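Trainee: Each chain, letter by letter, is given below.
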Amino acid sequence: MAALPDAVPGTMAECAELIRGGRLTVRDLAEHVLAVAEATEPTVHAYAHLDPGQVRAEARRADEELSRGTYRGPLHGMPIGVKDVFTTAGMPTRAGSLACHDVPPGDAEVVRLLRAAGAIIVGKHVTHEFATGQNVPPTRNAWSPDRYPGGSSAGGGVSVAVGSSLAAIGTDAGGSVRKPAALNGVVGLKPTLGRLSRRGVLQPSGSMDHVGLIVRSVRDLPPLMSALTVPDPGDDTLAGVPAQAYGPPSAGGLAGARIGVCDYFGGPRCAPAVAAAFEAALGTLRDAGAAVVPVELPALEHSLTVGEVILQAEGGASHVEALNRWGADYGDRTRRFLQAGALMPPRFVRVARRARVAIRDELRGVFEAHGLDALATPTTALVAMPLREMDIDRDLSRYVRFTIVANITGMPAVTVPCGFAEGMPTGLQLIGRPFDEAALIDLAYDYETRTRWWTCRPPRADSPGGP
Amino acid sequence: MTAAHDRAEPARMIGGPSAEQVAERARQIGLRMPADDLRAAVERLRAIGRALAAVPAFAEVPASDEDEGDRPDPPFDPRWS
Chain A
1 MAALPDAVPG TMAECAELIR GGRLTVRDLA EHVLAVAEAT EPTVHAYAHL DPGQVRAEAR
61 RADEELSRGT YRGPLHGMPI GVKDVFTTAG MPTRAGSLAC HDVPPGDAEV VRLLRAAGAI
121 IVGKHVTHEF ATGQNVPPTR NAWSPDRYPG GSSAGGGVSV AVGSSLAAIG TDAGGSVRKP
181 AALNGVVGLK PTLGRLSRRG VLQPSGSMDH VGLIVRSVRD LPPLMSALTV PDPGDDTLAG
241 VPAQAYGPPS AGGLAGARIG VCDYFGGPRC APAVAAAFEA ALGTLRDAGA AVVPVELPAL
301 EHSLTVGEVI LQAEGGASHV EALNRWGADY GDRTRRFLQA GALMPPRFVR VARRARVAIR
361 DELRGVFEAH GLDALATPTT ALVAMPLREM DIDRDLSRYV RFTIVANITG MPAVTVPCGF
421 AEGMPTGLQL IGRPFDEAAL IDLAYDYETR TRWWTCRPPR ADSPGGP
Chain B
468 MTAAHDRAEP ARMIGGPSAE QVAERARQIG LRMPADDLRA AVERLRAIGR ALAAVPAFAE
528 VPASDEDEGD RPDPPFDPRW S
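Protein chains in written order, with the numbering used here: chain A, 1 to 467; chain B, 468 to 548.
Hints should not be assumed to be uniformly reliable.
Simulated restraints, written as ranges between beta carbons of each label pair [to be verified]:
hint, chain 1, residue 1, chain 2, residue 2, range
1, A, Gly256, B, Gln495, 50 to 60 angstroms
2, B, Pro542, A, Leu98, 24 to 34 angstroms
3, B, Ala514, A, Gly240, 33 to 43 angstroms
4, A, Arg460, B, Pro523, 46 to 56 angstroms
5, A, Thr70, B, Gln495, 50 to 60 angstroms
None of these hints come from the bench; they were simulated from the model. Please read all numbers here as calculations on a predicted model, not as lab measurements. Each residue gets a CB set at the ideal place from its N, CA and C atoms; glycine is no exception.
Bound conformation, chain A alone (with noise of 0.2 angstroms):
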């Protein structure tokens, strides 16, 4: 097998680099994360579905390509997994639950661009059921596999954080996908809401959920959103966005930038150690030529309940004929917090989407104040905990706080890596401009190459790891 390079392990860019210049066969590099998922998956468990031999078949028939003289660009050959609630064909699709039945045949119109890419599905990252986050599922945080691995795209952040997948595709409606990313130590981005096509997701939540990505550096994601960002007119949920080729992104985007803070997302709220590491990055940022600039947001005061309500009502409005027919399928936290989503009065839910309105046009109202080119906030207020320890009722909404402020919004945010609390990964997130995840990512990727934390790996029996 050929040697990955070793010093930024697991990047889809260098390994495209190589794969291009004819010096990694995209066999090899299948049967290393074949390998790692063999060494890793009896901890983490973030695969729901891995076939070794369907993965063997893709990659030689994408080499076989690349001597036929077809390269289809920066995903050719490259090994990405999909958390289990996107159909796929030729995979089961459970939706980490025994009551998802009656799934429809084919790809999910994600999957179906990834593999025109010349992607290789290397099978379904384990997720909550129905990405409610209401139950346990397997998967065990990347570095230590007692704590909590973020969720619902749990499979997907450990995944990328050991290895095992070189990039993943989840959904958000909360923050589904920059938890697991944060709480694992890897880059996640949930674009603007209507971005991304949603077809052949399993019953998302209405007007919250969105694709999202998850890689390990910030320079694996234009490639991605090159290949997804593609009119879909089978998705009448997408705001009717043009195609968008991104480029590399620039260095310097920090310089000149002005960005956000709000104590809405400190204080008490926050651990002190992921505070810390948070007013350490914010310092990364000055020293990059940003201005950071406080700036006041009280609409966000009632946000988690806001958006709760919208995420639980339409979340079980989608669920009502399957909890009629299979509800004992279902497992009992997550089938009462659908029916009791399905129940909510439609008071409660116009009441809802009124703040909701006034949030988004506070947000607006502040960046155009301000000038702001992003707000800055910790991904989570709290790093991951040890399960044991964990009460869901109690935690979860702690763990969506500061990401759920995004989808309330449809604001574009990304998580990068900015240090260690308490000996775990935690985040930075900036929220950006609606529909302007180009400018976004510049931020991330010029506060990544200032730092060190994304190249941190978690620990390994073969290979110690750590910060």
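With chain A's structure known, arrange chain B on it following the hints.
Mentor: Relative to chain A, chain B alone:
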């Protein structure tokens, strides 16, 4: 939430819907559920109601809206212009 506001709002609005209202809502949307689940839903919706009562928009949406059923809202638009 002010005391005056409390007095102006029916109790069912402040603490969330009653068990009867939740059962009626289940009937309206055709959701069948065991009694234990119904009790759990009532408890959860009351907690949500208490939290939602602190949201300024709560006072702006008339209580009569609850009886109007599922009126479609315009889809949320993340764009700023």
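Trainee: List in ascending order the numbers of the hints, as given earlier, that are violated by the structure.
Mentor: No hint contradicted; all consistent.
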